[in-house]
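Number of protein chains: 2
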Amino acid sequence: MTKGAIFMSNTVITIGRQFGSGGREIGKKLSEKLEIPFYDKELLTIAAKESGISEELFETNDEKPTSSLLYSLSTNPYGVGGYSAMTDMPLNNKLFLAQFEAVQKLAQQGSCIIVGRCADYALRNHPQAINVFIHADLEARVKRLMRTEKLTEPQAKEQALKIDKKRASYYNSYTGKKWGNIDSYHLTVDSGVVGIDGAVKIIEDFAALRASYQGAI
Amino acid sequence: MTKGAIFMSNTVITIGRQFGSGGREIGKKLSEKLEIPFYDKELLTIAAKESGISEELFETNDEKPTSSLLYSLSTNPYGVGGYSAMTDMPLNNKLFLAQFEAVQKLAQQGSCIIVGRCADYALRNHPQAINVFIHADLEARVKRLMRTEKLTEPQAKEQALKIDKKRASYYNSYTGKKWGNIDSYHLTVDSGVVGIDGAVKIIEDFAALRASYQGAI
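As given, the protein sequences belong to chains A and B, one line each in that order.
Heads up: the first sequence begins at 1 in the working numbering, then just goes up one per residue.
Heads up: the second sequence begins at 1 in the working numbering, then just goes up one per residue.
A few of these clues could be false.
Claimed, not checked - Heads up, simulated SDA-like pairs for lysine to any residue below, C-alpha to C-alpha not over 20 Å straight-line: (1) K178(A) <-> K165(B); (2) K157(B) <-> D183(A); (3) K29(A) <-> Y213(B).
Worth flagging that the hints you see were computed from the coordinates, not collected in a lab.
As the structure is a prediction and not an experimental result, all values here were calculated from the model.
I would like the entire structure built from these sequences, with the hints used as guidance.
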């Protein structure tokens, strides 16, 4: 493959994030800057349509963890990719697998940025995917949530801790890995010290460096 | 404070790293690029001289963990900064505290890059310090170690796992935190996908962004 061909290849970026760190806004701004599609809730819609499960169910079951997916997978002869055949599987597991497949399809189709949904795990074997995690200290996140969600300080703090606990539980139960663990990401950025635009710039630089890098360490 | 004054302020960067990830080389190259001093083993020398403990002891006790530092600290009326008065403290704890103080002094004196030595913890209250962690997947690190340390593949793998275990144990016992945990770092980079020069560039960009950033997320 020539260098030109590598530059022309897809840019696939997954973003995990602590609640209130601005991860979603960073993904959105990055998608505008790079002119590639962004998926968050939209991804649910695609997965819902493709799997034939109603969109409404996707909304109400959004990121609800389950502990029985690994059991379900081990008993499913079709493996990941055959969720539509899993008639005995609990609904939230079907939803997860439908999203899981949607992420993989999107990444095959072309460049994209995907926020949340264990996308780093779905794309763990993708040769070019860049897995990013955005975090910030609790104080900075609380300040942001007070502004963006119109919450009091105690409400913002409670929300931040509660939603991160939910995200960790969802991620850990489906992937068998630990949410926010360094080894799952190519790049992690504390948005509290460089801001939203700073984080966008760092991810952009990283993606360009990765696309042109072919050596070893 | 004017923007100019902020740009003129010190650049203090700490680098933690998995063995074989190129973290030390990244720190060294970054120090050349930014024209600011680099400390690794040199730091031991300074700490040794300032504490009056012989340099030889520093070398042999380098990064040997202890589980009794917190006890020692709790019984020391002088706290961190009074290690020379701690006649009853185990030698490795004295060494750690001497290094700990040396890191703090260096960061007060001016710009610097410090690799290892729990420097991120020593500077956790420093208003401008940038804490970086460099990692890469085991396969990439083993390849690098085979080349740089002239090891066979099994030797390189054994070394990588053994030394990281030692580093984690040293860091965890002295800081009460978990080595390589995302929350301790402002930036983590997988050097395996962007290379040494790529990682240097990302840290450089991040430092410039942080120096000029004054807002909230």
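Hint numbers the structure violates, sorted upward?
Violated hints: none; all satisfied.
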